[in-house]
Amino acid sequence: MIYARGLVKRFGDFVAVDGIDVEVAPGEAFGFLGPNGAGKSSTMRMIGCVSQPSGGVLRVLGMDPVRDGPRIRARLGVCPQLDNLDLDLTVRDNLTTFARYFGISRAEARRRADELLEFVQLADRAGSKVEPLSGGMKRRLTIARALVNDPDVVLLDEPTTGLDPQARHLVWERLFGLKRRGVTLVLTTHYMDEAEQLCDRLVVMDGGRIVAEGSPRSLIETYCTPEVLELRFGEDGTHDYAGKLQGVGERVEALPDRVLVFAADGDEALAQVHRRGLTPSSVLVRRSTLEDVFLHLTGRTLVD
Amino acid sequence: MASTVRKAGPGVVSAGVARWRATLAVLERNLVLYRRLWWASVFSSFVLPVLFLLSIGIGVGGYVGEVGGVSYLAWIVPGVLASMAFQVVVEECTWPVLGDFKWTRAYHAMAATPVAVGDMLRGWLLYMLVRVELAAVVFLGVAAAFGALRSPWALVTPLVAGLLGLAVAAPMTAFSARVETDGYFPLVFRFVVIPATLFAGVFFPVEQLAPALRAVAYATPLWHGVELCRAATLGVAPAWPVWAHVGYLAVLALAGCLWAARSFRRRLYG
Numbered sequence: 024m025i026y027a028r029g030l031v032k033r034f035g036d037f038v039a040v041d042g043i044d045v046e047v048a049p050g051e052a053f054g055f056l057g058p059n060g061a062g063k064s065s066t067m068r069m070i071g072c073v074s075q076p077s078g079g080v081l082r083v084l085g086m087d088p089v090r091d092g093p094r095i096r097a098r099l100g101v102c103p104q105l106d107n108l109d110l111d112l113t114v115r116d117n118l119t120t121f122a123r124y125f126g127i128s129r130a131e132a133r134r135r136a137d138e139l140l141e142f143v144q145l146a147d148r149a150g151s152k153v154e155p156l157s158g159g160m161k162r163r164l165t166i167a168r169a170l171v172n173d174p175d176v177v178l179l180d181e182p183t184t185g186l187d188p189q190a191r192h193l194v195w196e197r198l199f200g201l202k203r204r205g206v207t208l209v210l211t212t213h214y215m216d217e218a219e220q221l222c223d224r225l226v227v228m229d230g231g232r233i234v235a236e237g238s239p240r241s242l243i244e245t246y247c248t249p250e251v252l253e254l255r256f257g258e259d260g261t262h263d264y265a266g267k268l269q270g271v272g273e274r275v276e277a278l279p280d281r282v283l284v285f286a287a288d289g290d291e292a293l294a295q296v297h298r299r300g301l302t303p304s305s306v307l308v309r310r311s312t313l314e315d316v317f318l319h320l321t322g323r324t325l326v327d
Numbered sequence: 010m011a012s013t014v015r016k017a018g019p020g021v022v023s024a025g026v027a028r029w030r031a032t033l034a035v036l037e038r039n040l041v042l043y044r045r046l047w048w049a050s051v052f053s054s055f056v057l058p059v060l061f062l063l064s065i066g067i068g069v070g071g072y073v074g075e076v077g078g079v080s081y082l083a084w085i086v087p088g089v090l091a092s093m094a095f096q097v098v099v100e101e102c103t104w105p106v107l108g109d110f111k112w113t114r115a116y117h118a119m120a121a122t123p124v125a126v127g128d129m130l131r132g133w134l135l136y137m138l139v140r141v142e143l144a145a146v147v148f149l150g151v152a153a154a155f156g157a158l159r160s161p162w163a164l165v166t167p168l169v170a171g172l173l174g175l176a177v178a179a180p181m182t183a184f185s186a187r188v189e190t191d192g193y194f195p196l197v198f199r200f201v202v203i204p205a206t207l208f209a210g211v212f213f214p215v216e217q218l219a220p221a222l223r224a225v226a227y228a229t230p231l232w233h234g235v236e237l238c239r240a241a242t243l244g245v246a247p248a249w250p251v252w253a254h255v256g257y258l259a260v261l262a263l264a265g266c267l268w269a270a271r272s273f274r275r276r277l278y279g
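If you're matching them up, the sequences are chains A and B in order. Position 156 (the first sequence) corresponds to 179 in my numbering; numbering is contiguous. Position 237 (the second sequence) corresponds to 246 in my numbering; numbering is contiguous.
Since the hints were made in silico from the structure, they are not lab data. In this text, a Cβ means the ideal position worked out from N, Cα and C, and glycines have one as well. One should not assume that every hint holds.
[Stated by the list, open to error] No farther apart than 30 Å at their CA atoms in a straight line, the calculated lysine-lysine pairs in the DSBU-like style are these: (1) B:111 to A:152; (2) B:111 to A:267; (3) A:267 to A:202.
[To be verified] Derived CB-CB ranges, DEER-like: (4) B:221 to A:87: 33 to 39 Å; (5) A:87 to B:51: 46 to 52 Å; (6) B:274 to A:173: 37 to 43 Å; (7) A:173 to B:52: 41 to 47 Å; (8) B:221 to A:89: 38 to 44 Å; (9) B:52 to A:59: 24 to 30 Å; (10) A:29 to B:22: 31 to 37 Å.
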C-alpha cells in the first residue's frame with residue numbers, strides 16, 4: 024500500500040524527515056508516533072501527495088506521488104490535523120459537495136452521505152450547520168468525509184487530539200470498525216493509548232528519524248520491562264533516593280516528583296525497596312505502557 | 010498535463026473529462042454556499058446599484074442635464090453597471106478567498122482530493138462569472154425600465170461585465186491567496202476600489218482629470234470596462250479601439266490567473 028525508502032523532506036536548511044523506511048501492508052493499521060516536530064505530519068503530507076519528497080523513494084498504492092498525485096488522491100481518504108469543514112454548509116452538504124470532487128454522481132453522493140452519517144452517528148444532525156457542532160462531532164464528520172470516496176487507505180493525522188474522553192472513545196470505536204472492514208489505516212498520534220488501541224504496527228519518530236519499529240507489545244518488550252514501580256517520597260528530593268535504589272530492578276529513573284523503577288516483577292522490586300529500609304509515602308505497581316517506551320526513546324524534554 | 014486517454018474501466022475517464030468534472034465540482038461547492046449565504050450580498054449586488062441610479066442618476070442628473078448629448082442617467086448607467094461588477098468581484102475575492110485558505114481551509118480540503126489547482130481556480134472564476142452575470146442582468150432590467158439603454162448593443166454589456174470581472178477577480182484572488190491577514194483588505198478598498206470608482210469615468214468623463222491622473226484611470230481595469238459598457242448602451246464608439254480595451258482586460262485576466270496559480274501552489278503544497 025505504502026512503500027518508502029530513505030524518504031526525506033527538507034524545508035530550506037531544516038530537515039523535517041531524515042531518511043525513513045516504511046512499509047504498510049493492505050488491511051494494516053499503522054501508526055506514526057512521536058513528539059511535536061518529529062516529522063509525522065510532513066510524512067503524512069508526502070503520502071497524501073500534497074507535499075513533494077525532497078529525496079528517497081515513495082510509492083503509494085504502487086504509484087509515484089509526484090507523477091500520479093490526482094490518481095492516488097482519488098483512492099485516499101484524508102482526515103487532517105485541523106478540521107477543514109465548510110462551516111456555513113450543512114452536515115450533509117459537506118459530504119455531498121466533497122463527494123463531487125471525486126466525480127461521484129449527485130444521487131450516489133446523497134446515498135453515501137446518509138450511510139456515512141449513520142456510521143459516525145450524526146444522522147440526526149444531517150440538516151444542521153457545522154459551525155455549532157462540538158469538536159467531537161466535527162471530527163466524526165471529517166472522518167465521514169474522508170470515507171466518501173470509499174478509499175483504499177485512510178490517513179488520519181492526530182485523529183483525536185483535543186477531544187474529550189467520550190468523544191475520543193467514540194472515534195476509536197468507529198476507526199476500529201473501519202479496520203474490521205479491512206480498510207488500511209495510517210495514523211499519527213502522540214497518545215500512547217490510542218496507538219495501543221488501534222495500531223497493529225507502529226514506528227516511533229524523533230527528530231525526523233525512525234527510532235523504533237514494531238507492534239505495541241513488541242516495543243514494550245524490547246525497550247521496557249514488563250512492570251513499572253512508581254515511588255513517591257513526600258517532600259524530599261527524589262535524586263537522593265534514586266542513588267539508594269541503584270540495583271533494584273533493571274533501571275531507575277528519578278523524576279522531580281517520583282522515582283520510577285523498571286522491573287520484570289514490580290512486587291518483587293518493592294520488597295527489595297523495603298529490605299533497604301526505605302519507606303515511600305506512596306507506591307504504585309503497574310504494567311508498563313507504550314508511554315514508557317516513548318519517553319525512554321524520545322526523552323522527557325518538552326518540545327514546542 | 011498531457012491529456013492522454015487512459016484505458017477505460019470503472020471510474021476511469023479521460024484526463025480532460027476529469028478536469029472538467031473537478032472544475033464543475035468546485036463551482037458547485039461555491040453555488041451551494043451561495044444558496045446559503047446569498048442574502049448577505051443582496052444589498053451590495055442588487056440594491057446599492059439601483060440606489061446609485063436613483064440618487065445620482067436621477068437626483069444629481071436633474072441638475073447636470075446632459076453629458077455628451079445624452080441624459081446624465083443614461084450616461085452613468087453603464088458606468089454604474091461596470092463598477093458594480095468591479096465591486097462584487099473585489100468583495101468576493103478578498104475575505105472569502107483568504108478565509109478558504111486560512112479559516113475554513115476549504116482549499117486544503119480540496120487539495121487532498123483529485124481536484125488540482127487549475128480546477129480550483131477555474132471553478133472559482135466561473136462562480137465569479139455567475140455572480141457578475143446575475144447582478145448585471147438584474148441591473149440591466151432596472152436600467153431598461155428607466156429607459157436608460159439607448160442601443161441594442163446594451164445586450165453585450167453582460168459579456169463586458171464578465172470580462173471585467175475576470176480581469177479583477179484573477180489578480181485579486183492571487184493577492185488574497187498570498188496574504189496572511191485580512192488587514193490588507195480595508196486598504197484595498199480605501200486606496201484602490203473607492204478611488205477607482207470615483208475617478209475611472211463612472212460618474213464623469215476622465216477628460217476632466219489632470220493628465221497624470223488620467224493616466225492612472227487608464228491603468229485601472231474599471232475604466233476599460235466602463236468605456237466598453239458605455240459604448241454599448243449608448244451605441245457609440247469607445248475611447249480606444251474595442252480590441253485595445255478587450256485586450257487590456259484579457260491580459261490582466263490571464264496574468265492574474267498565472268499569478269493566482271502560483272500563489273495557490275505555494276500556499277497548498279509549500
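Earlier hints that do not hold, by number = 2, 3, 4, 6, 8, 9
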